[in-house]
Amino acid sequence: MLIRRIKTAIPYALLTVITAPIIVSYGWLFMSSFAKRTEGLKPYGFTLSNWRFLWEPLPNMPSIWRITANTLAFALVVTILEVGIAAATGYALSRLHFPGRRGFLSLTLILHAFPSVTLLIAIFYILRLLHLYDTLLGVILVKASLELPLGTWIMKGFFDNVSWDIEMAALIDGCSRFRTWWQVIIPNIRPGIAALSIFAFLSGWSEFLLPYIFLTSFNNWTLSVLIKRLIGDFRFVDYGLLTAVGLFYIIPVLFFFIFTQEYLLNIYTGGVKG
Amino acid sequence: MATEAAIYKAVPRPSLWERIRTSSAPWVFMAPATVMIFLFFFLPVVLTIYISMTNMSVATFGKVVFIGLQNYIRMLKSRWTVKILTNTGFYVLTTLSCFNVGLALILSLLTTHINERVGTLFRTLWLLPRITPSVIYALLWIWVTADAPYGIVNQFLSPFGIEPRNWMNAQPWLVVIMANGFVGASFGMIIFTSAIKSIPEDYIRAAMVDGASTLQRIRYVILPMIRWPILFVLTYQTLSLLTSFEYILLLTDGGPGFYRTEVWALHAYHRALSNYFGNVQFGYGAALAAVLVVIGIIASILYLRVFRFNELVAEPKIEAL
Amino acid sequence: MEVQLENLTKYFGKVLAVDNLNLEIKDGEFVALLGPSGCGKTTTLLMVAGIYKPTKGYVKFNGQAVNHLLPKDRDIGMVFQSYALYPHMTVYENLTFPLKLKKVPAEEMRRKAQRIADMLGIGELMDRKPGQLSGGQQQRVALGRALIKEPKLLLFDEPLSNLDARLRLAMRGEIKRLQMSLGITSIYVTHDQVEAMTMADRIAVLNKGQLQAYAPPEELYDRPRTLFVAGFIGNPPMNLFEMELYQEDDHYKLRHPDLSLAIPDSRKPRRQPSGRRVIVGLRPEDISIGPEGEIESEIYMVEPLGRDDIITCKIGEIKVQTVVDSRLGYRIGDKVRISFNMEKVQLYDPQTELSLLWA
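Protein chains in written order, with my numbering: chain A, 826 to 1099; chain B, 2 to 322; chain C, 231 to 589.
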């Protein structure tokens, strides 16, 4: 009896041990932002002063609110572009007859597996050519484009699951193809669109490499760039401040993570990008 | 029977505008994506190859000269190439085998073995590193591995008599591989979990009736049945690891010291896009990147052939536009 | 509206789905397209609807080719097997969607929706979503949506096959009654022969993309022109077995090691078969068991249906089925005498599979 119990407990124990680093470090992140000082997992004294960046600008740094607004704008516009364009492209690839459809489908799949970070050097050059280097718009376009194959592929999957009968019925009832798409099909994949939107938003909100490489002026930064600079300046000085800024940055991420993880899980399984 | 022309003449044809509107539908749907993919995928691929054959750098921006394969020859001759290649191979193979496939398998086997809801909870926790913004994730590792008295690792190890130290500097590879592995494991975990869950219960039951132990069930039933997902994760993640450098950039930036943890993709970035060396060499960086671009194209075409192609053969069921 | 299908042909890639189909449907007629799954009946219907484009041939409405017209310009209504109601719209929105697209004024729209709803008995459901309705209710809404724009042609794609048996019976009558009172030309696709027989004015039987027969139900049953139709129509199916046909004193006769039969003059073959062997067909109701029977046989199997039993009799190698009152209580192994009503016999050429009597 006892042996059996131990046997069933083994997997739980194993999982707890290998998952411990994650639990501990995230717990510590939270704790540390309210502590005067921490040594390992031991906090010393409670304080709110780590959160002072919310009301006073940090030395040599732009206002946190300006940067937050940038990040929000970046994430939102990327989401709208990516989801909107993917919804159109995914529909065409899933549902329309046109020459080159198979070619486009293969291309989407290839690009979806293709490591886009290898293109950054050339993209840098293109952005300069288009006079979009060091502009939020430029980075937005790049981010939306690089995410497009994945988004399109996921969207196509959602469209594939809508019944053909409904679409035929709409055509017979008097819809054009545009109207069918907009008034009949899109309302039926709302959950899918919501999931992709959250995914796109989080991916935009968290993006580091693109803004870091393509945004140089101070006022164009996003939160990730700001924090990267803060790591450079404060790394060995003020852990509390860094944890507080970090926590501030990941609040929306954690929020969506807690409330919508099943949706996101579906996207991760549907669209595979490691 | 009347001729075709005569038959059609009897019917009012839709107006030209109507015909354009209906037959152009697919192109309107496809246009935005086409432009964006052209601008930021197609053009960059071509440009990467082109730039790699020039001497383009900050110094030469105005007067770019075509220099053929000189950058590639320089790459072959560079004394750092071997070092960086070894680094890259070590990094990819270790992370892949220990974490992206190894740990992923362990996690999916364990979480499907136990109570469903607890299993889901653990899988959710393992998604945290993936979903955390990379700067914050890197920050966590920097703190965890920090020198005494701040670092958590030191706090845990000091009772065992291990000298406190900055682990990022002492064991950079260990930290880099673990940090990447903790993110990478969740990908395989998700894929394997859904594969394991879709194994028909009857096989497992049959094995149990035949008296197989848990480990034997895993070895003889589950693993053979998920070999395709394993192969998929293996190949897919190889390409991912080969080309990604974000976490390494944030954790060690290729250091400590000279090229200790510099991998190929990071090297290309350093050469072309960072001021680290004082001289930004687009041409040489592009040549380094072009190698990866070519590998990426070949690999993704291979995936297409091996894994997914049949899925997209289905034709639309409506022919009217 | 009259509908003509001329040499209608559809390939999907290299697969031939509909093969040179010719069909004429009169104004106000109710025509069923009947056949096993994969016979091309739904493909044909979707070509009439304009969803598929014919590879060859024409779809004509009132004599005019409409091949190039979009579905929305064909003035048709369609009812689907899955009902295809828009899940995100209420019943009222579903019903009025076709009118909204035609920009019909709101007042008129409401009036028409009310009339249709009253006609179909769904007035109470107007504010519900399709997900909250039973299968039968969804079917009515789907029917209403097809009818509300007063189409010239109604298309049905197996509309009853997702309903349970009792509801199917009720809806069958209702659709037929509606169609007759409105007088709308209708094409009805089904794989259920009972549905086709009870509802249609004429039935077009399709197999492997080819038209097998096109006739009113009684004719289809009494005078099947092809072996396929003979075997497909009727339940239990017609008994079919091979015998040798020969002539003796101006009379036709059939023989087999286990059985010989005489063909009455009323069933004299109009054509010669390509070989000596023919396929003989007799419906179960034309075979009777009783002491006066001239053929000896043994009961091979009994399948009780409740009121009747299906009895399989063995005459040597030949097995035939008949239906008898179950109170007679036959059992497996019983030796019985049976007789064939040769006035109803069917003869088919095994090579061409065409009837020697009617084709």
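It should be emphasised that the hints constitute simulated quantities derived from the structure, not laboratory data.
Note that the coordinates shown come from a computational prediction; the quantities given were computed from them, not determined experimentally.
Wrong hints could be hidden among the right ones.
Okay, the calculated beta carbon distance ranges per label pair [said to hold, decoys possible]:
(1) A/Gly909 x B/Phe91: 38 to 44 Å
(2) A/Pro1012 x B/Val29: 17 to 23 Å
(3) C/Asp555 x B/Ala213: 42 to 48 Å
(4) B/Leu235 x C/Lys549: 57 to 63 Å
(5) B/Tyr204 x A/Pro1012: 36 to 42 Å
All residues carry an ideal CB built from backbone N, CA and C; glycine is no exception.
Hint check results:
1. A/Gly909 x B/Phe91: 38 to 44 Å: Cβ of A/Gly909 to Cβ of B/Phe91: about 43 Å, so the range 38 to 44 Å holds.
2. A/Pro1012 x B/Val29: 17 to 23 Å: At 20 Å between Cβs, range holds.
3. C/Asp555 x B/Ala213: 42 to 48 Å: Distance hint for C/Asp555, B/Ala213 is violated at roughly 58 Å.
4. B/Leu235 x C/Lys549: 57 to 63 Å: The hint (57 to 63 Å, Cβ to Cβ) holds, given that B/Leu235 and C/Lys549 are roughly 59 Å apart.
5. B/Tyr204 x A/Pro1012: 36 to 42 Å: holds, 41 Å
Violated hint: 3 only; the structure is consistent with all others.
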